[in-house]
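Q: These protein sequence lines are chains C and W, in that order.
The first sequence begins at 118 in the numbering used here and counts up one residue at a time.
The second sequence begins at 118 in the numbering used here and counts up one residue at a time.
It is possible that part of the hints are untrue.
One copy or two, it doesn't matter: identical chains are merged, so the pair holds either way.
Claimed, not checked - Straight-line alpha carbon distances no greater than 30 Å define the calculated DSSO-like cross-link-like pairs of lysine-lysine that follow:
| hint | residue 1 | residue 2 |
| --- | --- | --- |
| 1 | 220 | 261 |
| 2 | 261 | 230 |
| 3 | 280 | 230 |
Hints listed in this document are in silico derivations from the structure and should not be mistaken for laboratory results.
Below are the chains, spelled out letter by letter.
Number of protein chains: 2
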Amino acid sequence: MSITDELVANAERYAESFRHGELALPPAKRVAVVACMDARLNVYGLLGLGEGDAHVIRNAGGVITAGERRSLAISQRLLGTREIVLIHHTDCGMLTFTDDGFKRDVYDDVGIKPDWAAEAFTDLEEDVIQSIRRIRADPFIPHKDAIRGFVYDVRTGRLGEVKP
Amino acid sequence: MSITDELVANAERYAESFRHGELALPPAKRVAVVACMDARLNVYGLLGLGEGDAHVIRNAGGVITAGERRSLAISQRLLGTREIVLIHHTDCGMLTFTDDGFKRDVYDDVGIKPDWAAEAFTDLEEDVIQSIRRIRADPFIPHKDAIRGFVYDVRTGRLGEVKP
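One chain only, chain C, in its complex shape (with noise of 0.2 Å):
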């Protein structure tokens, strides 16, 4: 049996005792948080958020890219989230490598570089700091007047603010 036909497995349970069913398309709460993958971030856990409350858009780091901007540009203009949210991490992958040597690594792989940036960065403040920028500079996503950056503490649990 592999992970996924675990995860599947688990998921016929998850269904058994759903009671969900009627909740509407637009987030509850009209937030997005924006995180990390990061296996240890568990982003509903860590807010309290219920099914129906939130839009949660991950990446590697909890970047933000133009993919990301699509998806806050969607989420505020077709489903009316006004606040977004975004999570980092201390013991970040993305804080062991370099966009230099990670394309060096895959060139040496594969014979092609990547023609994207792998956004590793070397300070977790400095990088909520610039994903707010980022947030501020586009043109396409209207509400930015609640956008608040955090940092997760992997070692403690604690969520704690970057004051830009």
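Given the coordinates of chain C, work out where chain W should sit on it, guided by the hints.
A: Below, chain W without anything else, positioned relative to chain C:
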């Protein structure tokens, strides 16, 4: 008090009972999930994931664009994941508009057309298969023999596999 303030207060409660401080950076189950950002799709709850188990990548639609290929390449190359689970869902916002209409609306609002695809789609299963094909076509994601795609039913809580 803003919604974000509420979520921060929830995070304080999460930290008070936190017991996952010694988890490793690489996901224990060596799986990466790519799912829609939809508020009703509780990925941890649905798949029975716990802190430390899996990378979770999410965006509007659960589609595969350059950013998701970046996250998957980092997930597999640097952090050891081997299986990929794709999750779209019924009643998705991406079924409610077209790329042309979205671009026109944004242009009418801000005078600039987005220079990215909104990635709207008309058929859930077809877009899951499209996502699998985009991963298979990517030269930078090394492990492609365990990619499976699903549609989650937001009315019943059931996860159905899409057979390519």
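Q: Against each hint, give a clear statement of whether it holds in the structure.
A: Verification of the supplied hints:
Taking the shortest Cα distances, residue 220 and residue 261 sit within 30 Å of each other only across copies (20 Å), while inside one copy they are farther apart (33 Å). Proximity of residue 261 and residue 230 under a CA criterion of 30 Å is satisfied inter-copy only: 19 Å between copies versus 35 Å inside one chain copy. Taking the shortest alpha-carbon separations for residue 280 and residue 230, neither the intra-copy value of 36 Å nor the inter-copy value of 32 Å comes in at or below 30 Å.
Checked against the numbered hints above, the structure breaks only hint 3 and satisfies the rest.
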